[in-house]
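Starting from the known structure of chain A, arrange chain B on it as the hints suggest.
Residue numbers (the UniProt record's numbering), protein chains in the order written: chain A, 1 to 122; chain B, 1 to 435.
Just so you know, the hints here were simulated from the structure itself, not pulled from any lab data.
Backbone N, C-alpha and C define an ideal beta-carbon position, used for all residues, glycine too.
Any given hint could turn out to be false.
20 Å max Cα-Cα, derived DMTMM-like pairs, lysine to aspartate or glutamate [said to hold, decoys possible]:
id, chain 1, residue 1, chain 2, residue 2
1, B, K63, A, E114
2, B, K171, A, E62
3, B, K403, B, E343
4, B, K115, B, E170
5, B, K337, B, D430
6, A, K61, A, D41
7, B, K205, B, E25
8, A, K53, A, D41
9, B, K351, B, E399
10, A, K90, A, D41
11, B, K63, A, E108
12, B, K396, B, E347
13, B, K350, B, E277
14, B, K63, A, E106
15, B, K115, A, E108
16, B, K188, B, E109
17, A, K56, B, E123
18, A, K122, B, E72
19, B, K94, B, E72
20, B, K115, A, E111
21, A, K56, B, E120
22, A, K61, B, E170
23, B, K351, B, E395
24, A, K122, B, D99
25, B, K63, B, D176
26, B, K407, B, D348
27, A, K53, B, D127
28, A, K53, B, D118
29, A, K56, B, D118
30, A, K56, B, D176
Which chain B residues stay away from chain A? Per the calculated CB distances, all over 12 Å, these [claimed, not checked]:
id, residue
31, R24
32, P45
33, A179
34, Q222
35, G236
36, T283
37, A326
38, L364
39, I387
40, E404
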Amino acid sequence: MSAPSIANYIVKRPWLKRWMTPLANWYTDAAGYRKLGLKFDDLIPEESENVQKAIKRLPAKEAYDRVFRIRRAFQCSISHTLLPANEQIKPEEDVEYLSPIIRAVEQEAKERAELETLTLRK
Amino acid sequence: MASAANPTFQYDVSEASGVKVANREVGGATGTLALVAKAGSRYQPFPGFSDALEKFAFKTTLKRSALRITREVELLGGEISASHSRENVVLRAKFLSGDLPYFTELLAEVASSTKFADHELSEVVSDLLKLKQQAVYSNPESVAVDAAHGVAFHRGLGSAQTPSQSTPYEKYVSGDALAQFAQDAYAKSNVALVATGPNSADVTKWVGQFFKDLPAGATSGQYKVQPTQASKYYGGEQRIPSKAGNSVVIAFPGSSAFGTAGFKAEASVLAALLGGESTIKWTPGFSLLSQATKGFNHINISTKNLAYSDAGLFTVTLSGQADQIAAASKNVVDVLKKAAAGEVASEDIKKAIALAKFRALESLQTLDTGLEATGSGLVHGSKPYQIGEIAQAVEKVSEQQVKETAKSFLSGKATLISVGDVHQLPYAEDIGLTV
Chain A
1 MSAPSIANYI
11 VKRPWLKRWM
21 TPLANWYTDA
31 AGYRKLGLKF
41 DDLIPEESEN
51 VQKAIKRLPA
61 KEAYDRVFRI
71 RRAFQCSISH
81 TLLPANEQIK
91 PEEDVEYLSP
101 IIRAVEQEAK
111 ERAELETLTL
121 RK
Chain B
1 MASAANPTFQ
11 YDVSEASGVK
21 VANREVGGAT
31 GTLALVAKAG
41 SRYQPFPGFS
51 DALEKFAFKT
61 TLKRSALRIT
71 REVELLGGEI
81 SASHSRENVV
91 LRAKFLSGDL
101 PYFTELLAEV
111 ASSTKFADHE
121 LSEVVSDLLK
131 LKQQAVYSNP
141 ESVAVDAAHG
151 VAFHRGLGSA
161 QTPSQSTPYE
171 KYVSGDALAQ
181 FAQDAYAKSN
191 VALVATGPNS
201 ADVTKWVGQF
211 FKDLPAGATS
221 GQYKVQPTQA
231 SKYYGGEQRI
241 PSKAGNSVVI
251 AFPGSSAFGT
261 AGFKAEASVL
271 AALLGGESTI
281 KWTPGFSLLS
291 QATKGFNHIN
301 ISTKNLAYSD
311 AGLFTVTLSG
321 QADQIAAASK
331 NVVDVLKKAA
341 AGEVASEDIK
351 KAIALAKFRA
361 LESLQTLDTG
371 LEATGSGLVH
381 GSKPYQIGEI
391 AQAVEKVSEQ
401 QVKETAKSFL
411 SGKATLISVG
421 DVHQLPYAED
431 IGLTV
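The following block holds chain B by itself, in its conformation from the complex:
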């Protein structure tokens, strides 16, 4: 465990003016600063709010216009972006080390004094939102994964990450409503700042100075960030006709994020074991699904454990030609039955454990995923990631645990989503799943 012993890999966690700050000193020529707010689609009061909040990032504030922000960032040679997931809205800035104060101030300004002008909503933001909808809903796989969350968790985690084109979200979204939502979303207790690169003392100093004016707490009214309700798994089946392509998602209750009560390392090992995607060129790889579906050339299969703060969704996604998906989805269930019966070579489980460990550690080390994961851990009140513990937890997984997990998937209620040519795509009963 060389990486665990490396001190620069840990985040220093502190607090400045009531805002949680995590920093990883790397000491390079550039730095990254991200603001993670617990305001993703799970916590939005009405559909489309998280999307609109994300698109309103770096727009006109009370002090500067959107154009001026853009031009200034261009002159400094930085990069700013915003995104949102089911749980978080993330504002990111990458910059040359010397520009830390400027970008800290910029993030603070965006969080505390964005104008949310109605004309900006209608002239810029709503168009961006429509393009995002088009992008998301022209991809059958993302439609299926989104629907799987909806069927599995109903409200909360189940609410669509981006509202579909037929969702009447426009009647809820307005400048005033968003301003109220933002006040609560960017409240001190609701955000965390995660930095990599700069000196910890500098980060705490500048954050303390600029984030003083962040709204302190919850406002009243209907546009508040919704309180966390424990996610409950329901399961079921949904069929969505679409001309965009075909996709089937088979989902089961998975493991929640590391550091939370519902964390089960065996789910990530089972995901690596089932697999479907090869990690090495020119070979189908060792994973059970890629072995079982060797004959199908026109489909992609992947297995993932999507982890959230209090629940997880274990998904097997098949996309491609409808007839091949229909045939291959039977193989998926057969492979799962084999895993449940323990008919898996222990060598394969060893490989899966190694891959699961690599994936967990890599996702924390990669900037894109690591920043959000760390910030999300801070705002959701679980402990920050400890690399060593994750690696240990994954290593400790036994064959028996993997077998038990697969068994529990088959005995419980599954989630099956078919998107595309539903005339050909299978029903749960056809492939031997109970929903």
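Excised from the complex, chain A in its bound form:
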């Protein structure tokens, strides 16, 4: 889906995770997408078959909200403003809503590829 990540390496080591969590929170906030009213999953590049399929599978409400957030962020970007603090996405609202579906779609594609290249030994 995206660039290589050391997140798994860190999460597996509790002491390292304790260290890194404040740093990560600071970094995510500083990235600024929440101030434009976006969630992290809105930033995933759409230009791939799997992501397109996953977006189609979103429940109607989620899909609507996603488009709303993206258009709002677009407007903010054009007018060079940030959203007022109460409209910005709070850290607890920034949850994965698309990634689980993308992972499921990827899993399906992988299974299909595996089954398609199956060799049968008897």
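Structure of chain B alone, referenced to chain A:
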């Protein structure tokens, strides 16, 4: 009655983990296993549910994806299919004898843990449903037969087997709703397993093992399988304009399935007597309708007794050119009047009895119809089919009974459905029927 004496033709009925099992040992290289669930369109809570349940068979379950199921079945060399009728949803598997455990497990998995994912509904199932609708509703005969059920029985048996393209069924059908419906449809008390081929002990063993986890009983909520309400015959007339072709169905209250209270063997004999379709090549046959409509070359006529668990519909179907249908439908009523007056050669009745007996026995022996009929008998609580009794019941039919049945058709309310060019097709009054 050689076939009745043949022991392998009877089903062994038993129960394994609370599921009814019927098996016919044939001892061949292949076997068939069918799961019959009392969840056909008659019992669906909202339109389209039985269709969607049928199309969701062998789709992704909690354990395997739909693709994996397909590939595995391909590797084993089996055949899986699903269908539904007015009363039942049937899942079928045909396989090499050695693969019985695999396919038993597969059917159990489909019944107990299909996922009913919303995306599968929108990506796969709803398209399949639309194609089915197109197939059904581009055939004027099936439109007419469906409408005949609707007019004759209103709700329950009368609800459309497949919702028409203009039915707003999409608002009812969703993954969650179907999952709830399936829980009730595939409950232990609501299904029966019918097998032919394998050893009875094996079938009971594997069914007992894999069908343990089937949901035990009815769930609450609006998506339950609807309770059985006794079917009542109403009758009436309906005219449906269509460009697909022409068809007229003339229907009367018929006989219910064998083994139920409303079974009347004379209805099946009368159906064979009226006939219309020849069973032998190059001859119109003995049946009264094919004799009476010899001059009409551009129509097909057939007479059937469609039997259900508590009611039946006796239908005469004419399809083809509109003007010929209009003319021939008068002949149908005239022939029926003749039968009611007893002006039928006793030889013809003898032939009809032989044909009716053959048809009844053949439909039970043929895999496609026999499996569902047996399973349906088990889930609807009537006795399993006994070949000998059916044959006897048909043989005992007398000329007087046939005459009485025809008389009762003419005195009661008829059902008349005209589909197609309604400008030319007849009204009930034109052909002398009361509706």
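Practice prompt. Against the earlier hints, flag every one the structure doesn't satisfy and list their numbers going up.
Written response: No numbers; nothing is violated.
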